[in-house]
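There are 2 protein chains.
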Amino acid sequence: MEIKIVRNVLEENDSLAGQVREQLRARKQSMFNFMSSPGSGKTTLLQHLIPILGEKGFRIGVIEGDITTTCDAERLQPLGIPIAQINTEFFGGDCHLGANVILGGLAALPSELDMILIENVGNLVCPAEFDTGAAANIVLLSVTEGEDKPLKYPLMFRKSHLALISKTDMAAVAEADIPLIKSNMRKINGVIEVMELSGKNGLGVPELADWLIQKHKALV
Amino acid sequence: MEIKIVRNVLEENDSLAGQVREQLRARKQSMFNFMSSPGSGKTTLLQHLIPILGEKGFRIGVIEGDITTTCDAERLQPLGIPIAQINTEFFGGDCHLGANVILGGLAALPSELDMILIENVGNLVCPAEFDTGAAANIVLLSVTEGEDKPLKYPLMFRKSHLALISKTDMAAVAEADIPLIKSNMRKINGVIEVMELSGKNGLGVPELADWLIQKHKALV
Numbered sequence: 001m002e003i004k005i006v007r008n009v010l011e012e013n014d015s016l017a018g019q020v021r022e023q024l025r026a027r028k029q030s031m032f033n034f035m036s037s038p039g040s041g042k043t044t045l046l047q048h049l050i051p052i053l054g055e056k057g058f059r060i061g062v063i064e065g066d067i068t069t070t071c072d073a074e075r076l077q078p079l080g081i082p083i084a085q086i087n088t089e090f091f092g093g094d095c096h097l098g099a100n101v102i103l104g105g106l107a108a109l110p111s112e113l114d115m116i117l118i119e120n121v122g123n124l125v126c127p128a129e130f131d132t133g134a135a136a137n138i139v140l141l142s143v144t145e146g147e148d149k150p151l152k153y154p155l156m157f158r159k160s161h162l163a164l165i166s167k168t169d170m171a172a173v174a175e176a177d178i179p180l181i182k183s184n185m186r187k188i189n190g191v192i193e194v195m196e197l198s199g200k201n202g203l204g205v206p207e208l209a210d211w212l213i214q215k216h217k218a219l220v
Numbered sequence: 001m002e003i004k005i006v007r008n009v010l011e012e013n014d015s016l017a018g019q020v021r022e023q024l025r026a027r028k029q030s031m032f033n034f035m036s037s038p039g040s041g042k043t044t045l046l047q048h049l050i051p052i053l054g055e056k057g058f059r060i061g062v063i064e065g066d067i068t069t070t071c072d073a074e075r076l077q078p079l080g081i082p083i084a085q086i087n088t089e090f091f092g093g094d095c096h097l098g099a100n101v102i103l104g105g106l107a108a109l110p111s112e113l114d115m116i117l118i119e120n121v122g123n124l125v126c127p128a129e130f131d132t133g134a135a136a137n138i139v140l141l142s143v144t145e146g147e148d149k150p151l152k153y154p155l156m157f158r159k160s161h162l163a164l165i166s167k168t169d170m171a172a173v174a175e176a177d178i179p180l181i182k183s184n185m186r187k188i189n190g191v192i193e194v195m196e197l198s199g200k201n202g203l204g205v206p207e208l209a210d211w212l213i214q215k216h217k218a219l220v
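First to last, the protein sequences are chains E and S.
Counted the way my numbering counts, the first sequence spans residues 1 to 220.
Counted the way my numbering counts, the second sequence spans residues 1 to 220.
Among the hints, erroneous ones may be present.
Distance condition first, Cα-Cα at most 20 Å in a straight line; then the derived DMTMM-like pairs of lysine to aspartate or glutamate [unchecked claim]:
#: 1; chain 1: E; residue 1: K159; chain 2: S; residue 2: E89
#: 2; chain 1: S; residue 1: K200; chain 2: E; residue 2: E89
#: 3; chain 1: E; residue 1: K200; chain 2: S; residue 2: E175
#: 4; chain 1: S; residue 1: K200; chain 2: E; residue 2: E175
#: 5; chain 1: S; residue 1: K187; chain 2: S; residue 2: D148
#: 6; chain 1: E; residue 1: K217; chain 2: E; residue 2: E207
#: 7; chain 1: E; residue 1: K200; chain 2: S; residue 2: D177
#: 8; chain 1: S; residue 1: K200; chain 2: S; residue 2: E74
#: 9; chain 1: S; residue 1: K159; chain 2: S; residue 2: D114
#: 10; chain 1: S; residue 1: K56; chain 2: S; residue 2: E74
#: 11; chain 1: S; residue 1: K159; chain 2: S; residue 2: E55
#: 12; chain 1: S; residue 1: K200; chain 2: E; residue 2: D177
#: 13; chain 1: E; residue 1: K159; chain 2: E; residue 2: E175
#: 14; chain 1: S; residue 1: K187; chain 2: E; residue 2: E89
#: 15; chain 1: S; residue 1: K28; chain 2: S; residue 2: D148
#: 16; chain 1: S; residue 1: K159; chain 2: E; residue 2: E89
#: 17; chain 1: E; residue 1: K200; chain 2: S; residue 2: E55
#: 18; chain 1: E; residue 1: K217; chain 2: E; residue 2: D114
#: 19; chain 1: S; residue 1: K217; chain 2: S; residue 2: E55
#: 20; chain 1: E; residue 1: K217; chain 2: E; residue 2: D177
#: 21; chain 1: E; residue 1: K28; chain 2: E; residue 2: D148
#: 22; chain 1: E; residue 1: K187; chain 2: S; residue 2: D177
Since the hints were made in silico from the structure, they are not lab data.
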């Protein structure tokens, strides 16, 4: 019974994700979905990434997903870009962004943007189950979270096209084994692309910007 | 419609959590539910905590919750205690432990234990919605996750009796503001107890053991 209900919810979501993709095509926009545990560095990354994309002439918008609060949107506000805040509060707070709320987010953003970045709810489990309509899923895993996480949360890494190993500036202190993190990611997903970066010193962020621009050009 | 279904699932869970509490009372056992994001240090904490409780004469069992793998149970195996592994794999992996699987875990553990520690699925959102039947909920938040997390994931902190600020050995490197973390926890839950600890150097773990023993004695 419960399985059937869940299947219906996911099928409904897939159909709405199709509508999201149609709208993006019509508006000549690309969209990327950033996911991770709470505190892996999504917002800090966006703070560094968006100015680089802006300098290269891309008009960026953000769909900011949180259960509650506008903390992350407020951190991005100084960038002067349009932000659609989605709060999923619902019996204590929904744990992911579904395609239904992404449709609402798109409607709230200007149609002349080039690229939309989704900052999903901080959760390494549930957001992976819901297609947002994005061109690619990007998962962050910080070096402080432990090398075994790709093995323990496989769906997230299976559904992601790119994995970002974040907070590399803390790798030594955290005694993180980055080659082992990579090898665990590839055990789960043999074709996942992997990059290392640090939001703190900005290392690796220009390479991520290039990756997004390349994907964008291939799409629109 | 979806709200109604969810309400039914939660009501069913509450009723099963009542059955868990009855069984614990009959067996004179206490049970504590450890929750956090992936990689906040739950397993490392248990590795340090269980020997301390053992030295004080407590027979400990663990219910180990993971979507998939037995990584964490394998880390605890050298302690020589009984461990009930629960894998929630189900359309890619259920995101929390419900009271139904806790009943199964209890059945798999010896009845002569004194205290059962649940290591829930790594997720700062969904496990808070499901009463496991534990005597207390304990949330870990590591200093690397950011001071704003209690505000952004309020249900978890509202439902927890004790909050552990973990990885304090990394506080300086992470530039963490521990008083701000505490004040944010108390903004959400004015009566939450807060302790600081480090699984790496063991600081604060004996105090946690005392807290659990005091709760245990008040219960059984």
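Which numbered conditions among the earlier hints are violated in the structure presented, ordered from lowest to highest?
2, 9, 10, 11, 13, 15, 17, 20, 21 and 22
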